[in-house]
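S.K.: As you go down the protein sequences, you meet chains A and B in turn. Residues in the first sequence are numbered consecutively from 26, following the working numbering. Residues in the second sequence are numbered consecutively from 6, following the working numbering.
Treat the hints as calculated values from the structure; they're not laboratory data. Yeah, the Cβ is synthetic: ideal placement off N, Cα and C, and Gly gets one too. Be aware that a few hints might be false.
What the hints assert, rightly or not - Estimated spans, in silico, between C-beta atoms of each pair:
id : chain 1 : residue 1 : chain 2 : residue 2 : range
1  : A       : 131       : B       : 70        : 38 to 48 Å
2  : A       : 104       : B       : 8         : 38 to 48 Å
3  : B       : 119       : A       : 77        : 40 to 50 Å
4  : B       : 74        : A       : 53        : 29 to 39 Å
5  : A       : 70        : B       : 49        : 39 to 49 Å
6  : B       : 70        : A       : 63        : 44 to 54 Å
7  : A       : 76        : B       : 66        : 41 to 51 Å
8  : A       : 47        : B       : 89        : 12 to 22 Å
As the list claims (entries may be wrong) - Now the stretches of chain B that chain A is said to cover, found in silico as 3 or more residues with beta-carbon under 8 Å:
id : segment
9  : 16–23
10 : 30–39
11 : 81–91
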Amino acid sequence: GIQVEQSPPDLILQEGANSTLRCNFSDSVNNLQWFHQNPWGQLINLFYIPSGTKQNGRLSATTVATERYSLLYISSSQTTDSGVYFCAPRYRGSTLGRLYFGRGTQLTVWP
Amino acid sequence: SAVISQKPSRDICQRGTSLTIQCQVDSQVTMMFWYRQQPGQSLTLIATANQGSEATYESGFVIDKFPISRPNLTFSTLTVSNMSPEDSSIYLCSVVSGVNQPQHFGDGTRLSIL
Chain A
26 GIQVEQSPPD LILQEGANST LRCNFSDSVN NLQWFHQNPW GQLINLFYIP SGTKQNGRLS
86 ATTVATERYS LLYISSSQTT DSGVYFCAPR YRGSTLGRLY FGRGTQLTVW P
Chain B
6 SAVISQKPSR DICQRGTSLT IQCQVDSQVT MMFWYRQQPG QSLTLIATAN QGSEATYESG
66 FVIDKFPISR PNLTFSTLTV SNMSPEDSSI YLCSVVSGVN QPQHFGDGTR LSIL
């Protein structure tokens, strides 16, 4: 079956530190999204990135579709970055819009 | 992006009862989905809500337990039937506006069964 593996599962940082989250996927994708789930359970759409690199403030994402992985970079982390980060590829041939979610990376940022 | 309103935001229900969750979008969307997130887990797709026809359910989910309606291109409901404590989860509605568009999520319904 389709596999989405995220690493690390847990990450604890001090405010100001940088981090890299990784997502490996098992099949060809036509797109990929990164989400942040905050402590209140809301899912925030961070990036929609089939390939290449995108940046949004302190966050950036890179997807290398040919090698089946994506990376999320968080620089100068803040306590508000805490929460769970999910990677969700959309596979070629799947139902329009259907996403497959990884288990997530639980990020805790301490002041 | 589309504004998604999901109601109720949370509820506490008795075992054996049913609850209907509503998802309203401020613009017409191509696809609507319902996901479940059990405590401490990732998101699992329950079904794709099809406009004017029966929903398409994922393995492990059945219409009798999770009936879904989608009468038009902006509204859908998910009913959780004959609830048990194992149904305590966050239920999320998501939408896609068109081809090559990102998927956006409502704020979710946090459901607890006593």
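S.K.: Determine whether the Cβ-Cβ distance between residue 76/A and residue 66/B falls within the hinted range of 41 to 51 Å.
M.R.: violated, 32 Å
S.K.: 38 to 48 Å was suggested as the range; check whether the CB atoms of residue 104/A and residue 8/B agree with it.
M.R.: Because 28 Å falls outside the window, the suggested range is violated.
S.K.: Taking 38 to 48 Å as the hint, is the beta-carbon distance of residue 131/A and residue 70/B inside that range?
M.R.: violated, 30 Å
S.K.: I want to verify a distance hint. Is the separation of the beta carbons of residue 70/A and residue 49/B within 39 to 49 Å?
M.R.: violated, 19 Å
S.K.: Regarding residue 70/B and residue 63/A, is the given constraint of 44 to 54 Å on their beta-carbon distance met?
M.R.: 29 Å Cβ-Cβ, so the 44 to 54 Å window is violated.
S.K.: Has the segment 81–91 of chain B got at least three residues whose CB is nearer than 8 Å to a CB belonging to chain A?
M.R.: violated (count 0)
S.K.: Between residue 119/B and residue 77/A, does the C-beta distance stay in 40 to 50 Å?
M.R.: Hint holds: Cβ distance 49 Å, inside 40 to 50 Å.
S.K.: Counting residues of the segment 16–23 of chain B that have a beta-carbon nearer than 8 Å to any beta-carbon of chain A, does the count reach 3?
M.R.: Coverage by chain A is violated for the segment 16–23 of chain B (0 residues, Cβ < 8 Å).
S.K.: Starting from the range 12 to 22 Å, see whether the pair residue 47/A and residue 89/B falls in it by beta-carbon distance.
M.R.: With a Cβ separation near 37 Å, residue 47/A and residue 89/B fall outside 12 to 22 Å, so the hint is violated.
S.K.: Is 29 to 39 Å right for how far apart the beta carbons of residue 74/B and residue 53/A are?
M.R.: holds, 34 Å
S.K.: Can you confirm whether chain A covers the segment 30–39 of chain B, using C-beta to C-beta distances below 8 Å and requiring at least three such residues?
M.R.: holds (count 3)
In this structure, the hints that do not hold are numbers 1, 2, 5, 6, 7, 8, 9 and 11, in rising order.
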